[in-house]
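Colleague: Protein chains in written order, with the working numbering: chain A, 730 to 1147; chain B, 730 to 1147.
Because the hints were derived from the structure by calculation, they are not lab data.
Treat the hints with care, as some may be off.
[Unchecked claim] Partial list, derived from the structure: chain A residues whose beta carbon lies under 7 angstroms from chain B:
| hint | residue |
| --- | --- |
| 1 | Val-811 |
| 2 | His-821 |
| 3 | Asp-822 |
| 4 | Gln-878 |
[Said to hold, decoys possible] Take a look, some chain A residues computed to stay more than 10 angstroms from chain B by CB distance:
| hint | residue |
| --- | --- |
| 5 | Thr-831 |
| 6 | Asp-850 |
| 7 | Phe-1021 |
| 8 | Ser-1066 |
| 9 | Asp-1118 |
[Unchecked claim] Which chain B residues stay away from chain A? Per the calculated CB distances, all over 10 angstroms, these:
| hint | residue |
| --- | --- |
| 10 | Ala-749 |
| 11 | Ala-793 |
| 12 | Met-801 |
| 13 | Ser-829 |
| 14 | Ala-833 |
| 15 | Arg-855 |
| 16 | Arg-861 |
| 17 | Arg-1013 |
| 18 | Ala-1027 |
| 19 | Arg-1052 |
| 20 | Asp-1078 |
| 21 | Asp-1079 |
| 22 | Ile-1109 |
| 23 | Ile-1119 |
| 24 | Arg-1145 |
In this text the structure is predicted, and so the values were computed from the model without any measurement.
For each residue, glycine too, the CB sits at the ideal point set by N, CA and C.
2 protein chains.
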Amino acid sequence: MSWPELRRPLVQKYGGSSVANAERIRAAARRVARTASSGRSVIVVVSAMGDTTDELIQLAYQVADRPDDREMDLLLSTGETVSATLMAMALHDLHQPAVSLTGAQAGIRSTRVFSRARITDIHPERISTELRHGKVVIVTGFQGVTDDQDVTTLGRGGSDTTAVALACALGAERCDIYTDVKGIYTADPRVVPGARKLASIGYEEMLELAQLGARVMHPRAVELGELYEMPIHVASSFVDEPGTLIQIQRDGDLPMPMEIRKNVRGIAHDLDVARITLVRVPDRPGVAAAIFQPLAQAGISVDTIAQSSGADGTTDLSFTISRGSLERALEITRSISPRIHAASIDTADDLAKVSIVGTGMQSAPGYAARMFGTLADANININIISTSDIRITCVVPRDRAEDAVRVLHAAFELDRED
Amino acid sequence: MSWPELRRPLVQKYGGSSVANAERIRAAARRVARTASSGRSVIVVVSAMGDTTDELIQLAYQVADRPDDREMDLLLSTGETVSATLMAMALHDLHQPAVSLTGAQAGIRSTRVFSRARITDIHPERISTELRHGKVVIVTGFQGVTDDQDVTTLGRGGSDTTAVALACALGAERCDIYTDVKGIYTADPRVVPGARKLASIGYEEMLELAQLGARVMHPRAVELGELYEMPIHVASSFVDEPGTLIQIQRDGDLPMPMEIRKNVRGIAHDLDVARITLVRVPDRPGVAAAIFQPLAQAGISVDTIAQSSGADGTTDLSFTISRGSLERALEITRSISPRIHAASIDTADDLAKVSIVGTGMQSAPGYAARMFGTLADANININIISTSDIRITCVVPRDRAEDAVRVLHAAFELDRED
Chain A
730 MSWPELRRPL VQKYGGSSVA NAERIRAAAR RVARTASSGR SVIVVVSAMG
780 DTTDELIQLA YQVADRPDDR EMDLLLSTGE TVSATLMAMA LHDLHQPAVS
830 LTGAQAGIRS TRVFSRARIT DIHPERISTE LRHGKVVIVT GFQGVTDDQD
880 VTTLGRGGSD TTAVALACAL GAERCDIYTD VKGIYTADPR VVPGARKLAS
930 IGYEEMLELA QLGARVMHPR AVELGELYEM PIHVASSFVD EPGTLIQIQR
980 DGDLPMPMEI RKNVRGIAHD LDVARITLVR VPDRPGVAAA IFQPLAQAGI
1030 SVDTIAQSSG ADGTTDLSFT ISRGSLERAL EITRSISPRI HAASIDTADD
1080 LAKVSIVGTG MQSAPGYAAR MFGTLADANI NINIISTSDI RITCVVPRDR
1130 AEDAVRVLHA AFELDRED
Chain B
730 MSWPELRRPL VQKYGGSSVA NAERIRAAAR RVARTASSGR SVIVVVSAMG
780 DTTDELIQLA YQVADRPDDR EMDLLLSTGE TVSATLMAMA LHDLHQPAVS
830 LTGAQAGIRS TRVFSRARIT DIHPERISTE LRHGKVVIVT GFQGVTDDQD
880 VTTLGRGGSD TTAVALACAL GAERCDIYTD VKGIYTADPR VVPGARKLAS
930 IGYEEMLELA QLGARVMHPR AVELGELYEM PIHVASSFVD EPGTLIQIQR
980 DGDLPMPMEI RKNVRGIAHD LDVARITLVR VPDRPGVAAA IFQPLAQAGI
1030 SVDTIAQSSG ADGTTDLSFT ISRGSLERAL EITRSISPRI HAASIDTADD
1080 LAKVSIVGTG MQSAPGYAAR MFGTLADANI NINIISTSDI RITCVVPRDR
1130 AEDAVRVLHA AFELDRED
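Build the full structure now, drawing on both the sequences and the hints.
Modeller: The following block contains the structure:
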């Protein structure tokens, strides 16, 4: 990779597994010190060590049946403070000046929505001052502070979001996300041995992959990167090799011109899928709203929705959810069913999603047909189909999902270099 | 105890053993909720849970040989934040509104001397607002914040100091210190089975006892209480009975007039005593400075000092230190010895201090004589004698120290009620 050698700062984020114990913190510190010794300004964002967050949550449930959100956030924020201070100490031990800052000290302002606050803005004065003094600045991930100085946490994907937000606010050259995988792959390497690590991927493609089960990065941080066009480099903290660069896929910016890029970039799959089907619902306006509003109010995340109109003025309406939500979703659906006159309710909890993702699909026809044909040749039944501009998802039996990933990976020649 | 029923707030401090686990936190929360339910404003100060602080220090030494002071303070401050948030959650569980505040949020400003900061002032606006909203306010002990928002810790006795300082700043009626002992005793109950818990004691007497081995409260917090005349109530968090009230000993304020109070309030002892004697030092000005300045610079705390002038123009100069400091102190003393022409250096590391303490001794003679006579009758040899206005200390052989405490406790009739 050849980034232009600007003197803009770099942001490096280390996840929980990368700072899980003293030894790993020291290893991460060596990597940070190496980058800093080249004269670059470095901002480090850390998660809590290993299972710390889970342990603190357990402790909270030992003192209270329903721990208060505000208190929980302040409690959990201590996890990142511990790893940040240890990282600073480890850097000092390598003779690298460094200082740790809490979310409040780093000026990361957020909404007052405890447990899932959103960053509103960043006041980076303290960070800038410390960088000018030649220090590596370590910022606690996952946390912010309200206008009245209450500590918040940013919810799922919070530390990645902190890192990307800081990179944007400080005009960083790039945001490095160090994690326990080597990058973004064309498919899960545990399922497809020939899966290839992508050198580069677009934000939208990464978003689709992230939402479809490639849990390397939370979609939220990717969206923020896309908004500010901040390059995000996902790599392993355990090996010393380039990972995957998430960046704008423009002509000229890329190692290869877009025209000869493969149109399918990756295959995602998710084994945690259940389905509910309302059978022969009279096809009238307001049916979908009647079902999905109560589900949303109950906090149930509905995934794929597919509706097929029959000839008799009725329709079968199917949607997928995680298996853990099935029971509760079924309860709600049953209570609504009489009002919308569904003939019956059918469920399945042994399903999976398999998706092909790639921006190139927009401009090139035939991808859907090739996907369905490939699955048919492998005798894999398709339950539900759903598509977006850059994605085609098929719901298939769970016990055939990994086969599906393998045959699709081969059919779209993802094992070959771009 | 009959305190005037003013509507001034109460401060309650819970030490590490009182919040060592979820069960104890819930027990402490019940006590707090009971006080709050009477309509009183309550501020709670908590220490870190049990051994948390030691564990964090260990972690620091795993990542760095010499952990940075600033980072160590921020690291250690998380311990109190954890117990404060858990206490708030436990109070919510009892339907008692509560909010936890870090040192920074509570406005506890300190000097920028990491690991042993002093409180400079307290900006209690946030605390007052929360109290007005009917909440119990839980403040993390042991920590402050500098003007530029860096977190400090207050060193030994820090949480007690936080509690007393808050009580003073908020005009509290009283500061309750909940700990694992039931109060201040006339002597260590493990040594003297007949030792009695004192209902009340003066600040100066408490200071002498604290400095002499009764490690219930750090002298620093007692001094602050004395300065602001803040009553401090020391009691056990595990039983429900009055402890000892540290307060001004004035006529009329007390259960009994001063004239008929016992003049000796308690016997303190300390088994961790070593002695260095410089033998036959020529008696010239500057000798004491030549010895004690280098010891102070090396951070060695010198305790009792006694000098006896001989007839031949020389003097024997003895001083005591903790046993752990003996080797280092001896090294320094040896290096100075040639300059001050001491004939030899003598040491002992098998000593103890036994002290009688009481403000009444100031105005009544004969206490020293009775102390020495009692020890002589018990055939206990006295090594060094040192006195203050309200204290007489004898250094005795360690293996006779507990006998000394027992015979003195009996001789001064401390087992009888005032």
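Colleague: Look at each hint and say if it fits the structure.
Modeller: Now the hints, each set against the structure:
For Val-811(A), the interface hint holds, since its Cβ comes within 7 angstroms of a Cβ in chain B; the closest pair sits about 6 angstroms apart. Interface restraint check: His-821(A) against chain B, minimum CB-CB distance 5 angstroms, threshold 7 angstroms, status holds. Proximity of Asp-822(A) to chain B holds as hinted, the smallest CB-CB distance being about 4 angstroms (cut-off 7 angstroms). Hint status for Gln-878(A) relative to chain B: holds, with the closest Cβ pair at about 6 angstroms, below 7 angstroms.
Not every C-beta of chain B lies more than 10 angstroms from that of Thr-831(A), the closest at about 7 angstroms, which undercuts listing it as non-interface. Here Asp-850(A) stays apart from chain B, with its beta-carbon at least about 18 angstroms from theirs, past the 10 angstroms limit. The non-interface label for Phe-1021(A) is consistent with chain B: the shortest C-beta to C-beta separation is roughly 34 angstroms, beyond 10 angstroms. Interface exclusion of Ser-1066(A) from chain B stands, the closest Cβ pair being 39 angstroms apart, more than 10 angstroms.
Here Asp-1118(A) stays apart from chain B, with its beta-carbon at least about 45 angstroms from theirs, past the 10 angstroms limit. Taking the minimum C-beta to C-beta distance to chain A, about 12 angstroms, the non-interface status of Ala-749(B) holds against the 10 angstroms cut. Remark: the non-interface label on Ala-793(B) conflicts with the geometry, its nearest Cβ contact in chain A lying 4 angstroms away (cut-off 10 angstroms). Residue placement check: Met-801(B) does not keep its beta carbon more than 10 angstroms from all beta carbons of chain A (closest about 7 angstroms).
With a closest Cβ-Cβ approach of about 6 angstroms to chain A, Ser-829(B) is found to fall inside the 10 angstroms limit, against its non-interface label. Residue placement check: Ala-833(B) does not keep its beta carbon more than 10 angstroms from all beta carbons of chain A (closest about 7 angstroms). Distance to chain A contradicts Arg-855(B) as a non-interface residue, since its nearest Cβ pair spans about 8 angstroms, not more than 10 angstroms. Distance check on Arg-861(B): its Cβ is at least 15 angstroms (rounded) from any Cβ of chain A, clearing the 10 angstroms threshold; non-interface status holds.
No beta-carbon of chain A comes within 10 angstroms of the beta-carbon of Arg-1013(B); the shortest separation is about 47 angstroms. Listed as a non-interface residue, Ala-1027(B) keeps its Cβ farther than 10 angstroms from every Cβ of chain A; the least gap is roughly 25 angstroms. Even its closest Cβ contact with chain A, about 31 angstroms, leaves Arg-1052(B) beyond 10 angstroms, as expected for a residue assigned away from the interface. Non-interface call for Asp-1078(B) relative to chain A: holds, since the shortest CB-CB distance, roughly 35 angstroms, exceeds 10 angstroms.
The claim that Asp-1079(B) lies off the interface holds: its Cβ sits roughly 40 angstroms from the closest Cβ of chain A, which is beyond the 10 angstroms cut-off. The non-interface label for Ile-1109(B) is consistent with chain A: the shortest C-beta to C-beta separation is roughly 50 angstroms, beyond 10 angstroms. Here Ile-1119(B) stays apart from chain A, with its beta-carbon at least about 43 angstroms from theirs, past the 10 angstroms limit. Listed as outside the interface, Arg-1145(B) is consistent with that label: its C-beta sits roughly 44 angstroms from the nearest C-beta of chain A, beyond the 10 angstroms cut-off.
Checked against the numbered hints above, the structure violates hints 5, 11, 12, 13, 14 and 15; every other hint is satisfied.
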